[in-house]
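> So the chains spell out like this:
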Amino acid sequence: MKKSKLLMIVGPLLMLGLFVFPLWNITLEAPQYPTPLGMNMHINKFSDVHEFDIKNINLMNHYVGMKYIPETIPEFTIFPIVIGVMVVLGVLIGFFANYKWYLAWFVLMFLLGAAGIYDFYLWEYDYGHNLDPKAIMSFKNPDGSPMGFQPPLLGTKNILNFVAHSYPRGGAYMMFTGMFMTLGAFFIGKKEAGENN
Amino acid sequence: MKTIFKYFITFTVVSSWLVSCGDVNSGKSSSQGALSTNAAEKVYVAPGEHDDYYAFISGGFSGQLAVYGLPSGRLFKVIPVFSVDAEKAWGFNEETKPMLNTSHGFIPWDDSHHPDISQTAGELDGRWVFINGNNTPRIAKIDLTTFETTEIIEVPNSAGNHSSSFVTENTEYVVAGTRFSVPFPQRDMPISEYKGNFKGALSFISVDPEDGRMDIKFQIMMPGFDYDLSHPGRGASHGWFFFSTYNTEEANSLLEVNASQNDKDFIAAINWKKIEEYVNNGGGKKVPANYAHNVYDEKTHTATSTMKKEVLVVDPTEVPGAVYFMPTPKSPHGCDVDPSGEYIVGSGKLAAELTVHSFSKMIKAIENEDFDGDAYGIPILSYESTLAGAVKNPGLGPLHTEFDGKGNAYTTFFISSEVVKWKLGTWEVLDRKKTFYSVGHLMIPGGNSRKPFGDYVVAMNKITKDRYLPTGPEVTQSAQLYDISGEKMELLLDFPTVGEPHYAAGIAADIVAKKSKKFFRLEENEHKHAVKSEAESKVVRNGNEVHIYMTMIRSHFAPDNIEGIQVGDKVYFHVTNLEQDYDVPHGISMIGANTSELLIMPGQTESFVWEAKQEGVWPFYCTDFCSALHQEMQGYIRVSPKGSNVPISFTLDGDPVDIE
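Keeping their order, the protein sequence lines are chains L and B.
Residue 132 in our numbering sits at position 132 of the first sequence, with consecutive numbering throughout.
Residue 352 in our numbering sits at position 352 of the second sequence, with consecutive numbering throughout.
These are calculated hints, taken from the structure and not from any lab test.
We treat Cβ as the ideally placed atom computed from N, Cα and C, and that holds for glycine.
Hints are supplied without guarantee of correctness; some may be wrong.
Derived contacts from chain B toward chain L, CB cut-off under 8 Å, selection only [claimed, not checked]:
#, residue
1, Arg554
2, Gln580
3, Asp581
4, Ala628
5, Leu629
With a cut-off of at most 25 Å between alpha-carbon atoms, the simulated BS3-like pairs for lysine-lysine come out as follows [to be verified]:
#, chain 1, residue 1, chain 2, residue 2
6, B, Lys517, L, Lys55
7, L, Lys55, B, Lys532
8, B, Lys299, L, Lys55
Computed beta-carbon distance windows for the label pairs [as the list claims (entries may be wrong)]:
#, chain 1, residue 1, chain 2, residue 2, range
9, B, Tyr582, L, Ile69, 44 to 50 Å
10, B, Pro47, L, Asp143, 34 to 40 Å
11, B, Glu487, L, His50, 56 to 62 Å
Chain B with its partners taken away, still in its complex shape:
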């Protein structure tokens, strides 16, 4: 077991940084003002015109996913995913509370990192976006007809769900790789006994091709490294998945030093088709687990949370030929596969050069058993045997690479704050542009597919000091848009982002826009508390619970005045929006409500609970500007003392206002 790392020599990182500080055209960027170019024209989208691309940029620590247009950089929507969102009542209303359920209970926050768009035959199909919750491991699925999160599955035996959520070529699987290895099974044990006892789970979550329903098909219990990022194979390498690792030292303290000792860590190459076959033939072991599977049903407008009690675990050493390690210099972050599927780019965060592995050489090395020992029984391929080439002196701190589909790769460099364009095959640096500042990931729409749309690259920056008007100690985080259609990259635009723009996925607008839903059909509303006409609206007492079945339409609620509520009652508002028109949501909130307002789409039903705490007459009103008489859209609730004999009653004038 100790044979693993003895081959790896260390050398000084600092000296390699110094020599790698390439200077292709540094200093040019300062003269690149908007006035000297036609950058403004290239990002200008005239009023009423639409952008060419959707960009789904993760909110990092905001836990959400934001939708921007490219090239304008305009923000269209923040989709609530892992964090409660008062604006959309996400996690506040009765319908979506189950979406944030986990084995640790209701969790109102997570750290959303890597969105990826579903694919068919290696090309983006625009059906769903998947995104990972990093902190309490989860994968969410967002439906691109409604731009709403419709499913969240928790990932057991994992921690720091970082190397996800990337999808295979036909969206067979979305993966969830653990960043932190943890004891398997979880138990009370000394942390100092990490080495050999902690495991890293790589989870393959199957996606139903029809309805997208997710299910953990299997987990591969890997050695206790940190699994950082991953990408699927495609084309010839379809069937394989690649995961970068760090901390192959299996250190458990002061990792910045102790996990940076090995000269090379690994990219784990997983033949998932082989493991799938093994599992389909009864392989693997079902082990007890406890994880939540939350599904939002568009017909009932309601989520349900189911606790699952079992997961299938695969020991990689029991499936010979399925898992290999490719040595990759210095704590690789990005693990990026080019559109052809031949090249796997490992971005050693601390390395002096970019390492590119060749898939075909990897297969040959496996056939020739060109191994340099093993790690916990998993063969380590010899470094030279898989190496396709290396980009020399590319910059400092390579992180992540995307591809334009024209034979070029673009890599971000965190330490030297730049995007570098280089050529696949010749490994020569073609161009470099500054970013402002400390760039993390970058994104080319369609980047994780066989067919990138090679017009733009978006760089996502961690630091922006002096780029925008100051807003106190915290200034906005930001993305930068570069035109990559020509030989040289051109910086076109800065635009602020919500939360940390961790990673993004982009897609041509016409694939998604035409499928966007305009409203929910009232006749298909199967919410158990829906009322579909004003005539059906009612108020029902059930012990100390009162259920108000309410409708809303421009510009009134039915009913609008409700009496007979008593102090101590729990009052449920079940509110249905009767509109059947595009872009006519209504809102409702109640004074003293300790939840949030509801924002209800046309044809939808939502519920919130309001506790009657004080006697009096208390108003509710529409919170979303809906029509010329929006201000008139209001009503009252009369709260009487407990035990009062005021009967339940309600009004809605006497006018025949029902149009159903």
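Chain L extracted, bound-state conformation:
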């Protein structure tokens, strides 16, 4: 089998890791939590890093009027379907299609990923800004606007007494690797096509 074809088949299959490993993780550190509170985001659920972490994040967050992290969100239905379809599509392309389709798949996946990240940002924004007006504690920014408690999209940020970390996890790394393998498949496929001519 050609190298490009192999990469195009294996790359999308790597994304199946999303069904096993978490996509993202938010960790909250504070002095009174020597073991930090952590929440993993999978493509189909939220999960505790340590038992009852989400319950305890909710307990903390209610002081500033943040909503409870929901049991489930519509994305948990949509994401698995999208990923499933893209994996099947990718494998089929790998077996049967021209290398140009590899790029098409990559671009589509890139757009879907970007949409996912944007969706995540919107959810985070709402979670961090849409506060209960009866909140126990209300904080203002130096400019007088109400303080938001949105966790960082990617990176580390101080939120009151917490340091919040937001980083990709195993599932995401497998997805990124898979996607770049398909991009690599395109370039290699292009080179292979050139050599054959």
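For chain L, the structure is supplied; the task is to place chain B on it using the hints.
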């Protein structure tokens, strides 16, 4: 029967003390200030760092067991055992009241003496600590996942439960030996007829290897001596248990004189495996008894007390080859078996030297029937036949010996206030260090096992005058920590203790710490009055009893305002802590409550009763600082006149605060 003691000659104790006042390096101790050594460094545990050992030091007359870290000497927790403890509602809440039930009714106090840690294959396994209640004979078991007392069994036919609670090599048994002999069965009789009529019960309490459940397997009815301390055999001597005795004179008045007449008392050697076999084959006699067995269930968070009506009694003369007496000079206190199980050290409180028996010589003497008569039909082995050796001129008033696992023994001397290090086998004194003052027991972590952790010894002192800032006529009792890792002992630290530090048990921290529970799982809470979400909280009237099913979470109670209570009502608070986070207990108390506050761990339910005595509106609040809004965690109870038509009602604002 009178043949027993005629062999024993008396000699003057005082003169022997004088010659025994050894002087290996006395006077050195005063120059041993902290600045001249690196003692401070050796006990310093930096902020955030953990100690290397847990020390469980009994509270003596406080009835409790305190947990300290070594080498820092920091106090972590006082575990309530035999005495009520308002801090933890022990004996005050409905759940733990049954734990202090006895055949004499509810007893809010005892005298806790000797803790011992459970063992597997002769090594500490860190599952449980056992401790004896001396006054109203009891044995308690403390679970080391929760550091809470989970079982207390009363010991019938006993009094002054002193020679306990030591465990056998696989925690097959924990023993309870009576210090005071008493009539058996108990009855009205002249005290002057003590001799021959009073009996000393040695109780073997089996421990279930899975759940630790205790049960009195048998009691050996021994002659009416005082049974002082005991230790299990190990290694080759596993299967035997040794009990020191005093008052073999069987005196009943002015014992300080009359029980100090015999030149030698005994160490009783009990082959418990033989008696166990006898019992398993139907031996022994079931006799009527009345004793409480109290068990705390971690799932229901509730104790139950069951009165047991029978106990199996064994007459030692009916099991030939199971019980022997080894003569040991002058009222021995400690009865300590070295890690190999070969040496049994008898510390004659009034003797000039330390007597060490050899287990193998004892077995040989038994085979050769090398007896010097008998006591009530129990063979007395000849003194010389079991003697391994003696430590000459060790000090004054030897009490108790522990071992470092490197062939050395450490003995406390009460009268001369010192710890003396000596060598097993050669019996030579290697080192001695002053204690401040009047040392009783000492403890090396793992001391009562095949594998002592020979880094430290803790001396437990009765008197401390001038060692600490004065606090009126009563100054703190104290423990002292010595480094024993080198050839010479080094005093590192004084630290105050709660109550009388009678005896202690120590264990490497990593064996216990990793198994410590962080909270109770709410879903496993089977308390009959538990409510697991705010939605389930309610107030129910039942005649003149009102039951409040309440929840607590940072930072509110549900419900928080309760109306419809009437004067004369008994109001039961059944309170569940909904938290599922480490170290987030909440407390609750009610004005005028004649119990104590409740301190409720995450996922736990506790109950207390409050009697409505006066009309009015009365507050309750959280007693344990729990969060930034701890001060807001409060509510009211409205009390109306008897017969009032105010209905039962309650509030919790209207907000969707339930997160379950």
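> Among the hints numbered above, which are violated by the structure, and what are their numbers in rising order?
9, 11
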